[in-house]
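Novice: So the sequences go chain by chain: C and P.
Okay, so the first sequence: first residue is 1 according to this note's numbering, each after it adds one.
Okay, so the second sequence: first residue is 114 according to this note's numbering, each after it adds one.
In short, the hints are calculated from the structure, not lab data.
Every residue, glycine too, gets a C-beta built ideally from N, C-alpha and C.
Please note: incorrect hints may appear among the correct ones.
The list that follows gives simulated cross-link-like pairs (lysine-lysine, DSS-like), each with its CA atoms no further than 27 Å apart [said to hold, decoys possible]:
(1) P:Lys137 - P:Lys181
(2) C:Lys100 - P:Lys191
(3) C:Lys100 - P:Lys181
(4) C:Lys100 - C:Lys69
(5) C:Lys58 - C:Lys100
(6) C:Lys100 - P:Lys137
(7) C:Lys58 - C:Lys69
(8) C:Lys68 - C:Lys100
Going by beta-carbon spacing under 8 Å, a handful of chain C positions derived as facing chain P [said to hold, decoys possible]:
(9) Phe90
(10) Phe103
(11) Thr105
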Amino acid sequence: AQSVTQLGSHVSVSEGALVLLRCNYSSSVPPYLFWYVQYPNQGLQLLLKYTSAATLVKGINGFEAEFKKSETSFHLTKPSAHMSDAAEYFCAVKGTGFQKLVFGTGTRLLVSP
Amino acid sequence: DAGVIQSPRHEVTEMGQEVTLRCKPISGHDYLFWYRQTMMRGLELLIYFNNNVPIDDSGMPEDRFSAKMPNASFSTLKIQPSEPRDSAVYFCASSLSSGGAGDTQYFGPGTRLTVL
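Generate the whole structure from the sequences, applying the supplied hints.
Specialist: Encoded structure:
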């Protein structure tokens, strides 16, 4: 069975600072990994996904994530936070051939001026 | 493309009433998912369909919940009778199976349900 663990329900950064949101996965098969963002009162929007083509994945809005099999991690980063990045971020995993996404509990990113 | 469309966006009802949530997936997508999001339980998959056929309904909380997909462009999630603990945001998502890559699920804006 697949699962993901997101460390930290809330992360606070200053505008311009590095953003690091942590995600560790557990999967018995090669995983597909996703990061979604949810802005207030909106649905989830795909930021990026790992499908084994490249371990460093670039997404929208300047975000990227690196797949590290040895650490079973898929942390999300952005070099410089903007106020508009304030949202909730979800990591999710899906196994090969399966359609069900398993989501983490989410991390709320707070950006202060 | 208009994306996944859900209606209504907000629903307030009284305990015991029937509630019907609606979803129109992205045209051409062959998978449709219903999720529920609450503060306590996070995002939960309730049920998903492939080519209009329910594949896994193990997440449906109880018999008061039912979902249908009469055609490729429409699905409903019904709660009868509704209870206050059903208050949540319900999301519909759709995806196109590619047979190998990580299929992206596209989410609708959600329906915020409040049961008084």
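Novice: Against the structure shown, which of the earlier numbered hints fail to hold, in ascending order?
Specialist: none
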